[in-house]
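Dock chain B against the given chain A, drawing on the hints supplied.
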Amino acid sequence: MRRVPLPILVYFVVMAVLPLFMGSSGQFYDAFQTIFVFSLVGLGLNVVTGFTGLLNLGMAAFMAIGAYTFAILTSDIYPFQIGFWWGTLATVAFGALAGFLLGAPTLGLKGDYLAIVTMGFGEITLDVLKNLDAVTKGTQGINPLPRPTFGSWSLDLQEERGWYWLLLSFVLLAVLAVRRLERSRSGRAWLSIREDALASECMGIPPKRTKMVAFATGSALAALGGALFAALLSSTGEPASYDFQVSILALCIVIVGGMGSVAGTLVGAVVMVGLNSLVLVKLADWAGAAGFGSASNVLVSPNNWKYLIFGLALILVVRLKPDGLLPPRLEGSSG
Amino acid sequence: MSLLEVRGITMRFGGLTAVDDVSFNVEQGQIFAVIGPNGAGKTTLFNAITGVYDPSEGSVRFRGSPVRLEPDVRLGLRAALVAVLAGLSSFMVINIQELWTVGIAANYMLDQPFPWGKAAGDVLDAARAVPFAWGVLPALLGAGLGAGTVAALWQRSRRTPDLIARAGLARTFQNIRLFTDLSLIENVLVGMDSRMTSGFWTNLLRLPAFARERAWTEREALELLEFVGLAERAHEAAGSLPYGHRRRLEIARALASKPAVLLLDEPAAGMNPSEVVELMELIRRVRDRGVTVILIEHHMKLVMGISDRIVVLQYGKLIGQGAPAQIQADRRCIEAYLGTEGEG
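Just so you know, the protein sequences line up as chains A and B, in that order.
Under my numbering, think of the first position of the first sequence as 1, with each following residue one higher.
Under my numbering, think of the first position of the second sequence as 336, with each following residue one higher.
For the record, the hints were derived by calculation from the structure and aren't laboratory data.
Among the hints, erroneous ones may be present.
Listed next, the in silico DSS-like pairs over lysine-lysine satisfying Cα-Cα at most 30 Å (straight line) [as the list claims (entries may be wrong)]:
(1) A:208 - B:593
(2) A:306 - A:282
(3) A:130 - A:306
(4) B:636 - B:652
(5) A:130 - B:453
(6) B:593 - B:636
Pulled out of the complex, with its shape left as it was, chain A reads as follows (with noise of 0.2 Å):
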């Protein structure tokens, strides 16, 4: 049998008893539960553009197909109310539908115009959601949704540390998943694609077919995530949660973390978006309680300088570790 990584070992230990040190602190469980939420649609990402080499720029369109999914099947402001489970279950289903209808007429493209393709295919999606209220309640968002149960016993809201090991234990899961294809003639023809498509068609990997299955793979992982998102929040919230600076944090969370490494997926999303809802939010704090915040003037306030901190990111890391702060290593080479 081969081992597990080690990084990717170390990392759900120290996730998994993280918040036995961290008390009731709501931030930290407000940061954590949305690092896993967008480590799933990283991690989809990472099959998608790290596994396969195909820019997708519309992850956060998938996202809102898993969480509009996830609360018209389970919202009690519509009759089918499946539950929780069947809702998540049927949420990835159809996300990985969604990437095949999408795939189908459109994998056939190259490089930058598939994502041209995905940009706009994320602009519609804002827009139908928007403007199908009947369906979707418009920019209100579909709420209230229902806990995840587990036999009698149902986890609250307010239960941030139940939460907190449910969502870790989804992205337990797609590490999983997303391990064992990459680790199977499925990845590998992945692989092959990303690596030399005229190659890999040549060696008899049919080229569409296999990129129909990774877009359908990440776009079903990013559904998830959406779901799971809306399900934390109890609404799937407004269709703009869901806009392009969501799918771009989604890719600099992959660039950072190393394209194609399951491991730097994991790391890129604490990274980035520990980096927004930890550190930028314990900043602002700071600058608060040190009397430099003012409703008046923008500059002041750490949240409006975010994009320009994750630009800075992205050029610190594409300059200094271009293949991210995990590159994928070698299977069998050392681990």
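Frame of chain A; chain B shown alone:
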């Protein structure tokens, strides 16, 4: 019947005719060489045979059959299914607001059982009342688009490199194209893909079939690496190999699909004399495994030393073919090629 029959292949790129009406037969078990000066169209010919290019004219028959998808009942059924689904969904998409309101919003009351039957009936009634412009038109348009997409995709995938590779023609490239970030053994395993049967779910759920397949494929991949003399580096990255070894890995990767024909595009390019001798030996051993070899090569000692039959191309035209001794004696061939080259 020859193993591979090339019939009047012509390849035009705009006004340029790179390959002009070339025909030849390759018999089972031969080492067959294609020679000619730079720019004679040798690689283009390879690309036309292996499906990278679609020939402007002419055909390639492998074991007597043109390697391409033929229309069948399944294709028709698939197109019909996609058309129906696409038509239905475009109808739904256009009218979803109203149908949803009539069917779900109007019938649903919190904490009351939902009348599924009545809702379905209401939706059907509403759908029937949809005017022509919002009902039949989008449905027809969607159906047409769906069927058209299937047809277009099928037409474009009739003769693709993956199809030809799966039929049993494997190749290497002039400018070596390995999967440099993958290990040697993974490169060979990608080549073996066409012989694997495990699907997505088998791999995801690690069903017993996964372990069985992994066992035999890895064993065979190692044997192939052994065959080309690279077994001890099996787990290193292909990108870390020195140039001469890369050629060998490319050959192992191509052999992994158990091809009937192996096409080698300038395998000796950039090799030193002792490496060329090893390569000749390797090509002979490949032939002895029962694989027919077609090679493009400039290295005359190699070509004349191992080929059973040679064709000579010049400016895209076939100007001579025969056994090595015949080619060496043919004045046209010498003028075109041998006479102008200094190498031995």
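Okay, the hints, checked on the actual structure:
Among the hinted pairs, residue 208 (chain A) with residue 593 (chain B) is consistent with the structure: their alpha-carbon atoms are about 23 Å apart, no more than 30 Å. The hinted pair formed by residue 306 (chain A) and residue 282 (chain A) meets the criterion: a straight-line CA distance of about 13 Å does not exceed 30 Å. Taken as a hint, the residue 130 (chain A) and residue 306 (chain A) pair is honoured in the structure, with Cα atoms around 26 Å apart against an allowance of 30 Å. This hinted pair checks out: residue 636 (chain B) and residue 652 (chain B) have alpha carbons roughly 23 Å apart, not beyond 30 Å.
Straight-line distance between C-alpha atoms of residue 130 (chain A) and residue 453 (chain B) comes to about 29 Å, which keeps the hinted pair within the 30 Å bound. The straight-line distance between the Cα atoms of residue 593 (chain B) and residue 636 (chain B) is roughly 28 Å, inside the 30 Å bound, and the hint therefore holds.
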